[in-house]
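Student: One-letter residues, chain by chain:
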Amino acid sequence: MVTHLSNASASSPGMSRRSLLRGTLLGALGAAALPSLAACGSDGGSGGSGSTTLRVWHWYNQQEAQWPGLISEYEKQNPGVKVDLRLFGSPDDYSPAIAAAIAAGDPPEIFAPHFSAIEYGQQGISVDLKDALGADFLSQFFDAENEQFSRDGKQYAFGWMAQTFGIFYNPQLLDRAGVAPPETWDDLIASADALRASGVMPLAMQGSPSYGFTDFTAPLITQATDDPTLVLKLDAQEDGASWDSEPVVQAMQKLKDLTDAGVFADGLLAMEGPMAETAFSSGQAAMLYGGSWVPQDLATDAPDFAYAIAPTPAWAPGAKHWCADQAGAALSIANGDRAEQSVDFIKYLFEPERYAGVMNDSNSMPSTKAAADLINNDAMKTMTSWLLEGLGSPHILYGPGAESGVADAAVSVFEGRATPAEAAAAVQAAVEQAGNRG
Amino acid sequence: MGATTSVARSVKAPGTSTSERSGRPSAPLRRRKRRSAGSLAARALGYGVLSALSAISAVPLVWMVLTSFKRRDEVFGGGLLPSKWQGSAYAYIWQELHIWQYFLNSVVVTALTVVAVVVVSCFGGYAFAWLDIPAKRSLYALLLSALLIPAGILLIPAFLELRSFGLLNTRTGLSLVYIGTHVSFAILLMRTFFEAAPGELREAAKIDGAGEVRIFRSIMVPLTGPGIATVAIFQVLTTWNELLFANAFIQSQDRQPLQPGLYSLVGQHSTNWPALTAALTVAVAPVIVFYVFMQRQFVAGVTAGSVKG
Amino acid sequence: MVSTAPARRRPRARMQLTGLVFAAPALALFATFVAYPLLRGLYLSFYRWAGYGDPLFVGLDNYRGLASDPIFRRAVIVTAVYTVASTVLQTLIPMAVAILLAQRWRGGVVFRTMIFIPAVVSLTVTGLLWQLALQPNGGFVNELLDSAGLSSWSMVWLGDRNTVVPVIIAVSLWQSLGFFMLIFYAGLQNIDPTLYESGRIDGAGPWRLIRFITIPMLKPVTAIVVTLNLINGLKVYDLIYALTNGGPANSSQSLGTYLYALAFGSINGASAAFGYANAIGVIIMISAAAVLLVLSVLRRTREA
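Protein chains in written order, with this note's numbering: chain W, 20 to 457; chain H, 1430 to 1738; chain L, 150 to 453.
If you are wondering where the hints come from, they were derived from the structure by calculation, not from laboratory data. All values derive from a computational prediction rather than experimental measurement. Possibly wrong hints are sitting among the right ones.
Listed below are the simulated DSSO-like cross-link pairs for lysine-lysine, each with C-alpha atoms no more than 30 Å apart in a straight line [stated by the list, open to error]: (1) L:Lys368 with H:Lys1565; (2) W:Lys95 with W:Lys339; (3) W:Lys366 with W:Lys173; (4) H:Lys1635 with L:Lys368.
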């Protein structure tokens, strides 16, 4: 340690550089500490006397450009009210933040309830909308959306955007392969060879995270029985419904048939949503199974790409298409003394012209029938018409272990690791196992 | 400890060893007098390996910076370089996203955290290395247990605790949680660096009559320049990049640090890649600068005519 | 010069006081922001709690549930494989690179900086970037393999349960190489150069010097690196979450990601399972403590 001895006894350049560094850091600490200490102790909620702050938390960034206008207009009309919108990116960053806020008993005044809408309502964290907003107001929404969030005669959330799924297709590529847009699954299966021979993958869709498979499989179950309430019963494990039953097996079998025919894009299990859209818009895949957010994405990411939309292929010729639907984006009102102001804000948002305008401008799928009629975007019009025609079926599963159980089972069928019957049994087992979790 | 004894054996008065023993001028050890073909090949291979490693390390980040100048529709399948360099993503994050605000918040939180961690861990690391503490071993083990804790467990209890202190939604509160959870690792590092310093110096200082604090300040701390620099670098990295706690503890957007701000750009169905990569570039640049600056610090501590090993 | 009493004669209590004073800030911060929340978390592992309302006491039910949980079993395997592989790779390779870098190179600082850069990027961002790069159709990695004529090597990296864990380990290595290299590099600076001198004079070539001087002198640093890697491996979650979210179909779920999914994800549907998640957390901590204990026993027997 010869060097260090000489450093310690003399003031070498090394020493003064270190002191300079330390000095700078201490200075930064001093400068930094002052404002943050001053900012101590305030929390959201009510501002000074006479002013109310409404915190709005969600991740529905499709209307990102419209929110500032909506908010400033409302604040102008209601001096003394401040609307504080926190726009998250996705449920990934949203979930821990909302969980913490709710655990502390201080949820934002208006928030996205994600999967737990009914739980929050039953626990008194959010209000019963039949009381707060009134049955009249709620009647403007599609029935499926209201049912989705209702239990025991009370409703705990409303839809901000509806959602349907369908097949987006590239007419050029289909023509080149001499194939028509599929009416039924069998059509799709029959077209697979021709499409692959012409050098494209038939169908892209989100395979990662695995819940993309749930979005695909749940409507199949409805299609197998033409009974849209079955999935809801399975999800709630009511009425003796068991995942280990014939309709589920049939749905898994259909998935297997599609897989065996080579319908799905290569590398599906690693295909994230945005990449599925890119595979479609770059011509690698002839078709895309996706939801009503796709048109807006394509408008931004591939504005010159020409495509058409068809409803989800039906089980058999002439059968109903059962496009997946439900509110893809929902909001709840927190219980508390600012609930009234929140109600006022929501009624403002849903003033028919305003709401339809926002949805149109952002190419989003509206959740009210009135706004659906006023949609002028072609793609959105097509997808909304399915809702109006009552072709929707549930695809969001709320029960413990249900969504991941269905996804895992579907993936195992896709990978060829399980037979349809085994897969169906696995879903039931997973749901029962999850019941053990606390 | 093995290190100390062998060092003790080789400590001699400055400037006596090499020149006296071999009669050769004390040239830096690594310069070979004879350049054999074998060693040239070894040098070439070495450069090759290092270059390859550097390339692999840098490529995704080069992609990141390039993407920030692209249009949204040419992010994928548009080739490596932007067809036309656009600054619109940077304009977007500056004006719409208020990224400068997030940046400042991160600087405040990071500065507070790093300085506190360095100071606390210097004292703590020294104490555990050289001083007597009742139940030293158990306390140290206890401290180290902080390293074992998965962050997911701490989130809600820490949130509730901050709330009861009235520190929720404050940068101070967030910093305190960071400091509390990272001080253990810093002490682990500092303790190792303190232990590697020669004990004779301390003994010598004690014989000279210096008090504990004097010894600490004037002798031990300067010796551990590299240690402090290392702790600082790691703490800057960890704090600057932390997402989970920042996302949950800071609720108002005007106090939000950089990472949660960045994350609001990663959408559920589609992501604004040029904006995200622009924000990432802005986020990553200062840390790289800090790292380059700190690197020289701890290398500087070993210079002044040293023969490097 | 007036000499005061030598250190040995100073009252022990006074020395202990100094020690305590020096260690106090760290201990206080630990107690407030780590110990207390941790204890709450431990306590919750015996309850069923969805994040709101009152927790329900269930005793050991959560632990019993884990014992029969196939996803948990898979997570144990994934975590074990990841931990062992990443510890070995992320100790040996950074050590080798640090030793290599410590030789004189033109532009050594540039190499050091570039190799360190991945560590500057957070794990979540690393996951994002690499997820893109590893896309089966059009991702950078497969494109590169195709253009190098190695198309048969291009796989569905993150979508194939046989390749997903090795790929995650590789990305982790990419990210942390520079990080640990820095620790080793700092450790190398602390090695007394005269040791090398004596070695060289005794006629040792570079490889023998590395083997008999560098590596043994790096022991304390190596111990830290190994410890860190083991602990981080057992806790791993953000990288895997960002890369695959535990998929496909829970095949890359680690203990950490499963914990996170149960608490903040949708794996349990409408109600989060905090108690169950915390039980997993407790298991992670016990495993990590056991590993550390074994390590320290090994070290002590070696030094004896």
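Student: Determine for every hint whether it applies to the structure shown.
Tutor: Verification of the supplied hints:
no., hint, verdict
1, L:Lys368 with H:Lys1565, "holds, 22 Å"
2, W:Lys95 with W:Lys339, "violated, 48 Å"
3, W:Lys366 with W:Lys173, "holds, 19 Å"
4, H:Lys1635 with L:Lys368, "holds, 29 Å"
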